[in-house]
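For the protein sequence lines, the chains are H and F, in the order given. According to my numbering, the stretch in the first sequence is residues 1 to 498, in order. According to my numbering, the stretch in the second sequence is residues 1 to 173, in order.
Footprint (simulated), chain H over chain F, 3 or more residues, beta carbon under 8 Å: (1) 50 to 59; (2) 134 to 141.
Sample of chain F residues at the chain H side, in silico, Cβ under 7 Å: (3) Arg30; (4) Val45; (5) Leu72; (6) Ala154.
Just some of the chain F residues that point at chain H, by a computed CB distance under 7 Å: (7) Pro66; (8) Leu76; (9) Glu83; (10) Gly131.
For the record, the hints were derived by calculation from the structure and aren't laboratory data. As the structure is a computational prediction, the values presented were derived from the model and not from experiment. Glycine included, each C-beta is placed from N, C-alpha and C at the ideal position.
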Amino acid sequence: METLQALAGGFAVALAPVNLGLAFLGVLVGNAVGVLPGIGPIAVIAMLLPITYGMPPTAALMMLAGLYYGAQYGGATTSILLNVPGVASAAVTCLDGHALARHGRAGAALLVAMLASFAGACFGILLMILAAPLLVDLALAMGPAEYFAVMLLGLVAAAGLARGSPLKGVAMVVIGLVLGTVGSDVDTGVVRFAFGLPELADGLSIVAIAMGLFGVSDCLRNANRIPDTGRILEVPSLRGERGDLRRATPATLRASAIGALFGVLPGTGPAIAAFVAYAVEKAVSRTPERFGRGAIEGVAAPEAANNAAAQAAFVPTLALGIPGDAVMAIMLGAMILHGIQPGPRLVTERPDVFWGLVASFWVGNALLLVLNLPLIGLWVRLLRVPYRLIFPVMLLFVCVGVLSVRGAPLDVLAVLAFGVLGQLLARLGFEPAPLLLGFVLGPLLEEHFRRALLLARGDLSLFLHRPVAAALLAAAFLVLGLALAARLRRRRAPAPAG
Amino acid sequence: MSLGTPNPGEPREDEGAAEVPPEPAADRRRARLSALLLAGFGGAVAWAASRYPIGTLRQMGPGFFPVALGLLLVLLGGLVLLEPAARESEETVEPFDGRAFACVVGAVAAFLLLGRTVGLLPAAFALVLLGALADRRNRPRTALALAAAASAFAVLLFAVLLGLPFPLLEPAF
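With the hints as constraints, model all of the structure from the sequences given.
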């Protein structure tokens, strides 16, 4: 009952004209970002973050969040029509989505993808409504040792589950933590690693890092590589067959649960959720041989899962103040820049923000469901614009955007430096996402570590004496150990042909 | 299909031509370079941070955490050397695209240089022009037209619509 009242209050916030308008703008731009391959939500959230400085915080967050979950819808469109994922989490959708399109059933695939996306998102939002208050109670009982352990688990999970080497993932997290120490130390006020530059005294800007690692680096990687495929594209007619919904519904429900679970867990996100949900559907299907040849469940499952995960990812971010992946890390950065400190107190003391966001997610998803299909002609036209004409403009928006933060040309240089660094690291097999997460969590991790040891009078064994912290740390080591073992095993197994 | 954290917009499986599977020797070279970079960066961080007060475990100074992180990076650098290389199908390295790299870096450099001396309008124009030339398929005429359109659009959006205080035709910073 109390929850329903709070939710009603949230809808009052979400439906206020400014909030509704900006959420609408967010999901619309997000949908376009999702449709366009080569442009991801992290870079675009970072690009638009400076523009939101003048806006009311709640409205700004609704818009930025809309960019993220809107991109999940758009990603499926490109997967189905072009066999190229518009966003990474829609990669699995290509398998059956594009197979359906080749059989002339692109319309059915799009229809089911949108319905499954909406169902998955609703599931994720429901989880937010139910789990966030519980998590708040839990969080209020957590001391600095437990907070430290949760964050460490999240960082290790993000590193271990990243593509490629888990050791390199851990290294990226540590580099992120180092970058997070730049600027004045919270406890003593000593300015670290500023090299006499006043711009660095406030620390590195998350906008510059995210734009460099994800915006500029993507330009460097994708220029000359993303083919012009737009001309062959036709606007599909949206028609399903009678059996489609019957097949897709159970898959959607199972995948929504999987997605919501993976969204809440640290280190896993929409991409992994979609992959697992697809594998589960193939395993439980009585006709697994249809998968990869145009099974409608193979579209419904990953789309329900990645949208459920995208929404559920907000649970730990908002209720604990601990983001689980790089997108949530930049959302956390956006909240802090807007003077909103996520965590258990956000839910209790700023219900307008928390419940407003929850309600806005629902409104935004409903808008996406209503808009995405009628706008399919627009998305197809957008896909006809080749990437080679888009990235130079994006580069301009990156530079002007970062300059508008505080007018410091050093920030533009930082973006370029991080872009080049990202390219170098990618060539050496390092993933950029764990770095961003480490950067955002670094100051919090250090603060809680220092506070925990201060309370324990410098006794490191405190982490073993507190059962919750000990269990979380054990889980962190287990995740890392399993990731390393999996890699070693894969190395020994003979590589499959192709 | 590999498990991965969301890494936006990355079409991996769509073009076979540009990808070369790494040879064992190239793999070892990459591992050595990775280890060297990690150890070098970690060592530099630990050394630089050691000038700040370290404190004790009970009352940590500002140097404690970064020194620990720097040493951890050195350790990780060593471990990366020991780690067996990835399976071929898992990691593919595309050949280095010198043109894209030079053009993108040059574009941002031109933006900073022109922004400092002339103003943001020519800076924006030069940025898009050079940036567009990063892609071989963009002809000079296309790049010019794109630069003109994009800088006009940027002026409209940032200066007129959003009202940001951008000096268009005088030094911006």
